[in-house]
Amino acid sequence: MLVISRKSVENLRAAIFIGDLKAKSDTEAIRKMLSALDGRPQVKDFDKLAAAVFERQQTDPSLFPGGIAFPHARTDSVSALVMVFATCKEAILFGNMMVRLIFLIGVPKHAGAEYLEIISFLARHVRGQQTVSRLVDAKDLSSFLSAFAEPNG
Amino acid sequence: MDDSEEDKQTRRLSPLFRRLLKIKVWLIERFRLSERQVTLIWAALIGFLGALASEGFRKASELLHYVATGSNLGIISSFAQLPWWQRIIVPATGGLLAGLTLWLGNRLFSSVRQKTTTDYMEAIVVGSGIISVRASITKSLSALFSISTGTSIGREGPLVQLSSLVASLVARMRNFPIPQRRHLVACGAAAGIASAYNAPIAASFFVAEIILGTVVVESLGPLILTSVVAAFTSQFLHGGEPLYKSPGFNLHTQWEMIPLSCIGIIAGFVAPAYLQLLRWTERLISKIRIPIPLKLALGGVIVGTLAILNPAVCGNGQGLLRSLFHQGWFWDEILAILLLKLVATATAFGSGVVGGVFTPTLFIGAAIGMLYGQAILYIAPGLQSDPAMYGLVGMGAFIAAATGAPLMGILMAFELTLDYALAPFLMVNCVVAYYCSSIFERRFMYGESLERKGAAFFNQQLAEVNIRDLVRANPITLPKNATFAQIAETFVQHRFQHIYITDKESRLLGAVSLHDVKTFLDRPELESVVIAADIMNEDFPCVSPGQGMGEALHKFSAAHCERLPVVDDLSTQRLIGSISKTDIILHLAGDQNR
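Quick mapping for you: the protein sequence lines, in order, are chains Y and G. Mapping to this note's numbering: the first sequence position 114 is 114, numbers consecutive. Mapping to this note's numbering: the second sequence position 166 is 166, numbers consecutive.
One chain only, chain Y, in its complex shape (with noise of 0.2 Å):
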């Protein structure tokens, strides 16, 4: 059982939820998922999010056995950690692995640590097959967040 601190809770139900996403491609799902942070508060500077998200994409595509994309980026145009958490019924090729969940994380440079435990938190929790599938299945962020309470099948 992973212990995360009070404001990684916090954090987690900030996030955006976007239920089946469809996009052709990694770049188009990526986009679409950066689209919903466009506007929030904590984002100082949306095109060099993106352009940050997608220069890590480049260096090497954060991908989780079992369907699961994490893009994301350590920049300063953001103030706070934000998060996007998207489901695909319809799975999308990143890279040479189809995937199914995506996790898009923005976290500022001098939140290494938050952004280590967030990572870790969801990377551990959608390692069981049953997890995944109900998080692909979950309709809004409320269920998507009680899918990682339930346990592992």
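Just so you know, these hints were derived from the structure itself, not from any lab. Positions of the beta carbon are idealized from the N, C-alpha and C atoms, including for glycine. Keep in mind that the hints are not guaranteed to be accurate.
Unchecked claim - Straight-line Cα separation of at most 20 Å, SDA-like style, residue types lysine to any residue; simulated pairs:
id, chain 1, residue 1, chain 2, residue 2
1, G, LYS480, Y, LYS7
2, G, LYS480, Y, ALA51
3, G, LYS518, Y, SER8
4, G, LYS480, Y, ALA111
5, Y, LYS7, G, THR519
6, G, LYS581, G, THR519
7, G, LYS480, Y, PHE54
Unchecked claim - Stretch-level coverage of chain Y by chain G, calculated; a stretch enters the list once three of its residues show a Cβ under 8 Å from a Cβ in chain G:
id, stretch
8, 65-78
9, 113-124
Add chain G to chain Y, keeping to what the hints say.
Frame of chain Y; chain G shown alone:
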């Protein structure tokens, strides 16, 4: 057959051989002299040689004094016999000669002085234990002129200097390592003090408490041995009487313990003012832009003028102390000579005369104590106080307050008088004086000088160290797409706090800190998700070989790290190595160990 016979022989001999070998090893282990024991032997020799050097200086001083005044009496008596104009001429000429000696020495031996030191405290605390012979002799010769001609400065300064020089020479001849060399120079200093005051215990504690800053047995043992040998040698040459023999004090009533225990408070409050006066005079005289010979001659003229009023201001104050304790001085006489002595000592000290202020300080403390004793006698005649007793306690308390060394103050005053009845009062008053003085004073008599020398030495060492010389090539690096697993593995394999992240052209991109990731090292789920670029600090400070060590230390303090990356140029940022704080410290230490 022959072979087997030989084998038998070997088997027969080998137990005996082994036994002999064991005995040899046992003997070597038991009787081999350790470094500490060797130091102790040399310390004893230094005590003897130091006392001889002090005696040589004393004799030379007496001879020169005779030449200058035509009298072989003490300084005060000689000056009392001189006409008024000669009382000015003698110290002025002495000052001029002392100044010329320093001026000439500075011109001739400046290159020597840059490589070594002339100051025994510096050699012990921050130096290499090497004292410049020529520059030391120059200083001692200068002190000889000043002291012989009546300047109000302590003779103990050059005595300690010469004893330390002898110790330094012995240590150099034996090619001892730096720590041992420093320790032996400290022994030399203790020998000088012990022979100057015939006070071996106080001499040991003077060096231990004030210069070494520690009274641990390892350092104190050789100091005690040196001091005792030096004191015995001096006693053999002069006799074993204490410098200020106490007539034997008794309390007429136990009520006297109260005023007697309050001397420390007065000494503790006056000593900081005295130290301020010395500093103020030094600053004032340093503003007079005249050559050093003229400056010392001017100091001599001032002392000579004061000597017209009262010849007792001349000399280090040792004769004056004897007179103070053994002749019945009135309070107004004590006050007058105290003020004159203060001016004379501050002038001599401020003008840069080579010598010490220890004995003049003892006198000032004694005079303050005597005045206080006189006041008590006047206010409470029923106590039947002996002002001399107050004077002796005041002497110890004042020196403790001025030097910041209460232990030494207690022992010094006790050894100078050898009166056990005074011991409890000395103990109380020295400690109280030290605490009162500490309220106002952070830099005591010798501490300030040591502080200045320490800072100057450190700055010089830093200025000489070049980052280029200390760069360690091939630092541990990872590319920016190194996985979290690789980062964790690298931290496990190498005991570094930071891993530098570079690109293909070896340009420094940042550093991953162990502190940032240590909590997550046991989380396998991060291994494929997180890479170095996600967690590196892009603003990690770096230095270039052309930068000074001061800048490197400044960046070390800002980054709170053990190592800093070194790049070829701050604009191109190509990583060429790293520099560590430990390497800088080792370099500084190694520089001294050469």
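Exercise for the section: Check each numbered hint against the structure and report the violated ones by number, ascending. Expected result: 1, 6
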